Structures are given as C-alpha cells and as structure tokens.
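Undergrad: First to last, the protein sequences are chains Z, G and X.
Note that this note's numbering gives residue 167 to position 167 of the first sequence, counting from 1, and the numbers run on in steps of one.
Note that this note's numbering gives residue 143 to position 143 of the second sequence, counting from 1, and the numbers run on in steps of one.
Note that this note's numbering gives residue 80 to position 80 of the third sequence, counting from 1, and the numbers run on in steps of one.
Just so you know, the hints here were simulated from the structure itself, not pulled from any lab data.
Treat the numbers as computed from the prediction; the structure is a model and nothing was measured.
Where hints are given, some of them may not hold.
[Unchecked claim] With beta-carbon atoms standing in for the labels, derived distance ranges: (1) Z:291 to X:82: 37 to 45 Å; (2) G:163 to X:175: 51 to 59 Å; (3) G:11 to X:206: 53 to 61 Å; (4) X:91 to G:37: 42 to 50 Å; (5) Z:291 to G:10: 42 to 50 Å; (6) Z:201 to G:11: 18 to 26 Å; (7) G:1 to Z:319: 53 to 61 Å.
[What the hints assert, rightly or not] Stretches of chain Z that chain X covers, calculated by requiring three or more beta carbons in the stretch to come under 8 Å of a beta carbon on chain X: (8) 32 to 38; (9) 63 to 72; (10) 85 to 91; (11) 206 to 213.
All C-beta atoms, glycine included, are put in the ideal place defined by N, C-alpha and C.
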Amino acid sequence: MVYQPDRSQYPQQRADGSLDIDLESGKYLKLWQGPQHPGITGNMSLELTVCGDEVVEAKTHVGYLHRGFEKLMERRTFIQCFPIVCRICVPEPDFNEYCYAAAVEELAGIQPPERSDWIRTLILEMGRINSYLMFLGGQAGSLGLGVVAQWSTYVRDLMLDRFEELTGARIYHMFILPGGVRGDLPEGFQQRMEETLKEIERTLGDIEDVMFCNAVFKKRTVGLGYIDPALFNPYGVTGPNARAGGVAKDVRRDQPYLIYSQLAFEPIVGQDSDVFARADVRRRDLLLSIDLIRQILAGMPKKGPVMAKIPNVLHWKIPPGETYIRGECSRGEYGYYLVTDGSGYPRRVNVRGPSYTHAVALLERLIVHVNISDVAGLMVSLHTYPPEIER
Amino acid sequence: MMRELYKKTKQLFPLGDLTEQRHDLVFVSIPHPFLSSLLRHLRDKEGFSHLVLLTAVDWLERGEFQLTYLLCNRSKAWDMGVRVVLPREGATMESIHTLWPTAATYQRELKEMFGIDFPGSPGVNDDFILEGWDDIPPYRRDFDTLKFAEARFTQRPGRESLDPAQHMAKHHSDGS
Amino acid sequence: MKKELEKRTIKGPDGFEFEVDPLTDYYCDLPPTVQTPAYTRIIESFFNWARSESLWILGFGTGCGAIEMRPLMTPRFDAYRYGVQWRPTPRQANLFVISGYLSVKTLKRVIRSYEQMQSPKYVMGLGSCTINGGMYWDSYNTIKRLDDFLPVDLYVAGCMPRPEALLAGFQELKKIIRAGEGEGANEYAKRFEWYKKNQKRTIHDWDMPDYNW
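All chains should be built: construct the whole structure from the sequences, respecting the hints.
TA: Below is the structure:
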C-alpha cells in the first residue's frame with residue numbers, strides 16, 4: 001500500500017514564500033539531528049521540522065568544527081601553513097596540501113620537478129580511494145547495511161598502510177609541500193600497491209553484491225533525493241553529485257592539472273541523479289581511481305628529483321598576486337584562493353570546499369518532503385564533510 | 001581568448017584593468033554599482049554559469065574590502081575573478097542570491113566573518129559558524145586572534161612558542 | 001536566550017492553555033551529588049572490575065580524531081574484544097572520548113552530553129589539542145585545556161593518535177578504574193561551582209540550565 005499523508009495537516013505558505021509553521025499547535029515537531037547523532041556526517045546538525053514522519057522544513061547548522069584556519073594562516077609563514085592546511089579536511093587531507101602548494105608555487109614562480117607531479121597524482125588518487133571507501137561504508141550504514149562499513153573500513157586500512165610506508169602517517173600525511181613532495185617511493189611499493197588494489201577490487205565485488213544488488217537498498221534509494229540537473233549551476237553542484245545527473249563535469253578532464261592530461265580516462269557519468277545513482281557513480285569512480293593508480297605507477301619516470309629548490313623558508317617572501325587553484329576531489333571541486341601582498345605571510349587564503357554548497361543550500365532544499373528515516377541516507381549521499389564548510 | 005572577451009565586455013561595462021594570472025584565469029575589477037549586471041551578463045551571455053566562490057580580502061591599510069566573485073565557464077574552461085572594492089566603514093554590498101541561490105551561504109559567512117552586510121540576502125543575519133560571538137568579526141585584519149585567545153582561554157603552563165627566524169638566528173650564532 | 005527557552009503560555013491541541021517554563025519544567029535543576037562507595041572494599045573492587053571491563057563510548061565525534069574510531073570498530077583493530085563499544089546516546093554510555101580540539105560551540109554540546117551520561121563516567125582527551133591547544137594554540141575559537149571544563153581521566157597525545165595508541169589508552173584507563181581512581185563524576189560534583197565558573201567564562205551565551213541530566 002502506498003503511504004498517503006494527510007495533506008490538510010501541512011503548513012500553508014506565507015506571502016513571502018516561507019512556511020507558516022506554528023510549533024505550539026502540536027501539529028509539528030522540531031527535531032535536532034546532530035551534532036550528537038549517529039546518522040550525521042561528522043560534527044554538524046540538522047534542525048528538522050517534521051509533520052508526522054515527513055520533514056517540512058530543514059536548516060543546516062555548521063560551525064562545530066570551526067578553528068579559523070583562514071585567520072591562523074594569515075599569521076603563519078608560508079612554510080608554517082603547510083602542516084596545518086591538511087587538518088581542514090580529515091578523510092581526504094591531501095587536496096589541501098596540493099592546492100596550497102600549487103598556489104604558492106604559482107605565485108612564487110617555482111616549477112616542481114616532473115617526478116613530484118606523478119607522486120602527487122598518486123597520493124591524490126590514493127586519498128580519493130580512501131574517501132570513497134569511507135563513503136560506501138557510511139552510505140550503506142546509514143540505511144542499515146552495517147557489514148559494508150566493516151569491509152570497506154578493512155580495505156581502507158590496507159590503503160592507509162600504503163600511505164604510511166610512503167609518507168609515514170596514516171591520516172595527516174603532510175607530504176605535498178610547496179616545491180615538490182617530501183620523499184620518494186619506497187622500494188617494492190608498486191608490488192605492495194598492486195596487492196592492495198587487488199584486495200580492494202575483490203571487496204568491491206562483494207560490496208556490489210550485498211549493497212548494489214540488494215533489493216532493500218534499491219527500494220529505499222532509487223528515486224530518493226533527486227536533484228534536478230537544472231539546479232546544478234544555481235546551487236554550485238560539482239563532482240560525483242553532478243556526474244550522477246548526467247553532467248560530465250570533472251576537473252581532471254576539463255582543466256587537467258598535474259599529469260592528468262597524460263592519463264587515459266573518461267569521467268564516470270550516471271543517469272538518475274538520485275541516491276542510488278550517486279552511490280553507483282562513486283563505486284565506478286573508485287574503480288577508475290584504481291585504474292589510474294596502475295597507469296601512474298606504470299608510466300612514472302623511474303628516476304629524478306622530487307623536490308625543487310625553494311628559498312630559505314625562514315625569510316620566504318612572495319610577490320603580490322592572487323590566484324585560484326582547483327582540483328577534483330572525491331566530493332567535487334576543491335579549490336584554494338590565495339592572495340599575497342609581498343610579505344612573508346599570506347594575505348588571505350580562502351578554501352572552497354565542495355560541501356560548502358552541497359550541505360547548506362542544496363541539502364536544505366532536498367530534504368523537504370523526505371521521510372525522517374531517509375534523512376541520514378540522503379545526507380550521506382551528498383558526501384559532505386563539515387570541516388571544509390567552516391574550516 | 002579571454003582578452004577578446006575582456007575587450008568585448010569593456011564596451012558594455014566600465015571594467016578596470018585586466019590581470020592575466022594564467023591563460024585560463026583572469027581578474028578584472030569593476031565599480032560596485034555595476035556588479036550584478038556584469039555578473040548577470042557573464043552568466044547569461046558568456047556562459048560563466050558556475051559561481052566558484054565569493055570571498056573578501058581585508059586591505060586594512062587602504063581602508064578597503066575587496067570582494068572576489070570567481071566565475072567559471074565550464075565548456076571553455078575559463079575562470080574569471082571579478083573584484084569589487086568597498087569602503088571598509090559600513091561596508092554594504094548588493095546581494096546576488098537571485099542569480100545564484102547558493103551565494104546566500106557565502107554572504108551569510110561574509111556578514112559574520114567580515115561584517116559586510118548584504119541586505120535582502122536570506123538568513124544573512126543568522127549565526128552561521130560562530131555562536132554568541134561578541135567581538136569584532138574575526139576575519140578582519142584588526143582582530144588579533146592570539147590576544148583574544150590569551151584573554152578568553154586559560155593556557156596550560158609550560159608551553160613555549162618560538163619565532164622560527166629568531167630562534168634559528170640565535171641557534172646559529174651560538175653554535176658556530 | 002533562544003526563543004523556545006522563554007517562559008510562555010501554550011494552547012495545546014486539545015484546547016487547554018497551560019504555562020511552560022522550559023528551563024525548570026523540562027530539566028531537573030538539582031546539582032550533581034557525590035556518590036560514595038557504600039559497600040565493603042571487596043564489593044567495590046568487584047564493581048570497579050566490572051566497570052573497567054565495559055567501557056561504552058559515546059558516539060559523538062567532536063573533532064578530527066573521530067576518524068580513527070571507525071578502524072577501531074572494525075576487524076583490523078577491533079576494540080570490542082576489550083569490552084569497548086560505541087553507543088549512540090549518552091544515557092547508555094560511560095566513556096566520553098573527546099576526539100580533538102573543541103570549538104566553543106561544540107563545548108556547549110559536549111557539556112550537555114557529559115552531564116546526561118550516567119555515573120560513574122569517564123573522560124578521555126584525544127590529541128595534543130585537548131592538552132594545550134596543539135596546532136590551534138592561537139585560535140580564537142578552540143579551548144586550550146580540556147580539564148578546565150570536564151574532569152579528564154586520561155589524555156592520549158598525538159596529532160592524531162593512532163588506533164594503537166587509543167587501545168593502549170583504553171588499557172590504561174582500565175587500570176585506573178580498577179584501582180578505584182576513576183572518580184571523574186564525583187570530582188565534577190565536588191568542584192561543580194568551579195567547573196561551572198570556567199564553562200560560563202568561555203561560553204558567553206549560556207542558554208541552558210546549570211545541570212541538565
């Protein structure tokens with residue numbers, strides 16, 4: 001039987017388009033989902049007004065993770081900014097390092113050596129795999145499939161091991177610094193990487209069986225959270241969220257950075273623009289990243305420097321200028337806007353996290369008329385990370 | 001190329017000088033009354049349909065705020081940053097949430113973090129990131145975060161912070 | 001003060017009018033009390049053993065350290081074999097892992113969550129930012145010392161601490177509890193005024209009751 005809510009109970013619109021919700025009438029209930037809630041991505045919260053089981057109004061609250069990076073960087077030298085930028089986004093920190101390093105290099109006129117570009121691309125793709133594996137676990141977990149989170153976290157740990165032998169750290173790698181990268185690949189890395197990739201592929205096959213071929217998962221996600229492709233530009237939707245709606249936007253192909261122009265790939269595009277399509281696009285994108293890592297490891301120049309000569313970092317001054325560097329992270333377009341004024345400190349750094357547009361304006365719009373039990377699944381499907389919203 | 005686009009647009013709008021940062025990224029400036037018509041023109045006629053970011057730079061010594069509207073033309077892979085300069089005192093700017101609904105979020109943040117007002121933007125006066133903030137907006141240059149942190153929070157004794165340049169100079173003169 | 005916390009008259013759906021003062025009606029305003037061990041020593045140490053073997057963590061990821069929680073829940077590190085598990089609500093949890101820096105906005109929610117947990121309860125500070133501010137020593141929005149606001153039983157240093165460090169921290173906490181030294185909840189009750197003074201000094205828009213449990 002199809003659920004048919006009693007529409008007579010629903011709020012009327014006022015003349016200015018806002019909803020006439022009288023909480024005291026007892027018809028509506030205000031419900032906070034988060035910040036202390038298992039069905040929320042990280043430390044943020046949703047203020048939901050529900051009528052029965054259906055959300056009639058939603059408001060996103062962020063700022064629980066605000067540390068004021070953009071202010072802190074104004075009082076740190078260029079090299080002192082390098083270890084703190086990765087803290088802006090926890091599950092995929094390397095994009096911060098890359099965008100910051102590339103922006104500083106462009107304004108300071110430093111050309112990083114070619115081999116470091118290959119290693120950077122490798123790191124970014126490895127980080128993308130981590131982030132997508134987190135996502136798959138979260139998406140399945142939010143709809144009650146806890147086992148996928150167990151599997152995907154297990155293979156993510158294997159990828160973290162590769163990170164550890166390459167950079168020395170599990171989460172915050174602090175590896176891509178202005179001028180190049182901090183070190184070279186360890187011996188036998190390619191072979192161990194290949195084993196890890198095989199394990200991930202095998203697990204992905206299992207995940208496809210239990211998640212994407214699962215009748216319950218399909219029934220709950222197909223058609224849920226549909227984003228009209230006409231909304232992509234007004235709401236600044238980028239990355240897999242846009243690609244799942246049939247728009248082949250991928251910075252890696254449109255404005256190739258690092259060595260992406262030398263790799264063979266096509267952006268992954270979906271059709272339906274709903275939660276299922278977004279999850280499927282990310283799964284296929286993960287397979288693409290695995291392929292890209294194989295291409296990178298095979299095509300990488302075997303020898304060469306990984307670090308350009310940079311000035312004495314204690315007295316490093318960069319001439320006035322401003323630039324914007326972007327990259328395609330696992331959630332969409334990640335970018336750094338850097339302004340320098342000729343001193344030894346950045347004048348202004350602005351971080352453009354893709355969740356900034358996805359989690360506030362877009363989510364508030366999508367969540368209306370969604371059943372309360374689907375809110376977590378819908379929210380995870382946008383792949384939002386709160387720290388990049390508030391920095 | 002982008003220079004032709006600049007020449008073409010300059011006949012319609014009083015654009016300032018062109019700064020070519022890369023072959024695919026330029027910055028232009030424009031007086032603030034013309035901003036929204038320029039953005040509308042770029043969005044509808046020139047294909048700059050993606051608002052990448054909207055942010056502000058505080059030029060304290062000049063007494064100015066610079067707003068940067070970064071637009072992207074996806075099909076041609078061009079980026080254009082439109083700069084607008086506002087007086088620092090009582091900074092107010094026209095809202096562009098009718099062009100891009102997502103701009104309301106950026107404007108809400110700018111209002112909170114820089115104190116730049118955007119009348120008419122939805123929810124612009126609501127708390128966004130901070131809660132119960134009672135000082136000057138924190139991203140302004142005259143806000144001293146270290147002084148504020150020392151006054152507001154208790155520190156654990158024993159922490160030592162060194163200025164790297166001075167420390168290295170001292171270390172160097174001692175050691176050699 | 002938020003609008004929904006103000007005293008007001010409400011007309012219910014059934015037509016009755018009644019007055020509501022959320023700060024006194026919705027919360028109990030009794031301060032916390034010190035719970036003395038009322039048993040003989042052998043029973044108390046048996047209780048402490050039982051407490052130490054069932055550390056139930058509140059699933060509130062307050063900072064970046066929360067990302068290492070998922071590996072701990074999964075087969076690679078598997079904290080469940082030590083009796084450590086995660087609970088979604090404060091009522092079922094007795095260990096609060098503060099996973100990193102606390103912004104002022106989160107601190108407010110952390111205090112509420114902590115006070116809602118059942119005694120005996122323990123707090124573990126994760127990462128150098130809970131110890132002395134760490135990377136964010138000059139940030140205007142993060143607290144620099146956690147033990148000003150909550151009684152901390154144990155700190156795990158690092159930025160961020162590895163899962164192995166957390167496992168070692170759990171073992172260390174067990175030793176503390178078994179020795180009868182995990183007295184955080186009683187400490188909080190004893191020095192309640194002092195903790196509240198610190199909390200209110202940092203949180204300027206205090207719009208909740210003094211103790212909400």
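Undergrad: All the hints need checking, so say for each whether the structure fits it.
TA: Hint check:
A hinted range of 37 to 45 Å holds for the C-beta pair residue 291 (chain Z) and residue 82 (chain X), which are about 40 Å apart. The beta-carbon spacing between residue 163 (chain G) and residue 175 (chain X), approximately 41 Å, falls outside the hinted interval of 51 to 59 Å. Separation of residue 11 (chain G) from residue 206 (chain X) is about 59 Å and conforms to the stated range, judged on CB atoms against 53 to 61 Å. A hinted range of 42 to 50 Å is violated for the C-beta pair residue 91 (chain X) and residue 37 (chain G), which are about 57 Å apart.
A hinted range of 42 to 50 Å for the beta carbons of residue 291 (chain Z) and residue 10 (chain G) is consistent with their spacing of about 46 Å. Restraint check, residue 201 (chain Z) to residue 11 (chain G): a C-beta distance of roughly 56 Å breaks the suggested window 18 to 26 Å. As the Cβ distance of residue 1 (chain G) to residue 319 (chain Z) is approximately 25 Å, the hint placing it in 53 to 61 Å is violated. With 4 residues having a beta carbon nearer than 8 Å to a beta carbon of chain X, the stretch 32 to 38 of chain Z meets the requirement of three or more and the stated coverage holds.
Requiring three or more residues with a Cβ within less than 8 Å of a Cβ of chain X, the coverage given for the stretch 63 to 72 of chain Z holds, as 8 such residues are present. Coverage of the stretch 85 to 91 of chain Z by chain X holds [criterion: at least 3 residues with CB-CB distance below 8 Å; count 3]. Given a C-beta distance limit of less than 8 Å, the hint that chain X covers the stretch 206 to 213 of chain Z is violated, as 0 residues qualify and 3 are needed.
Violation of the numbered hints given earlier is confined to hints 2, 4, 6, 7, 11; the remaining hints are satisfied by the structure.
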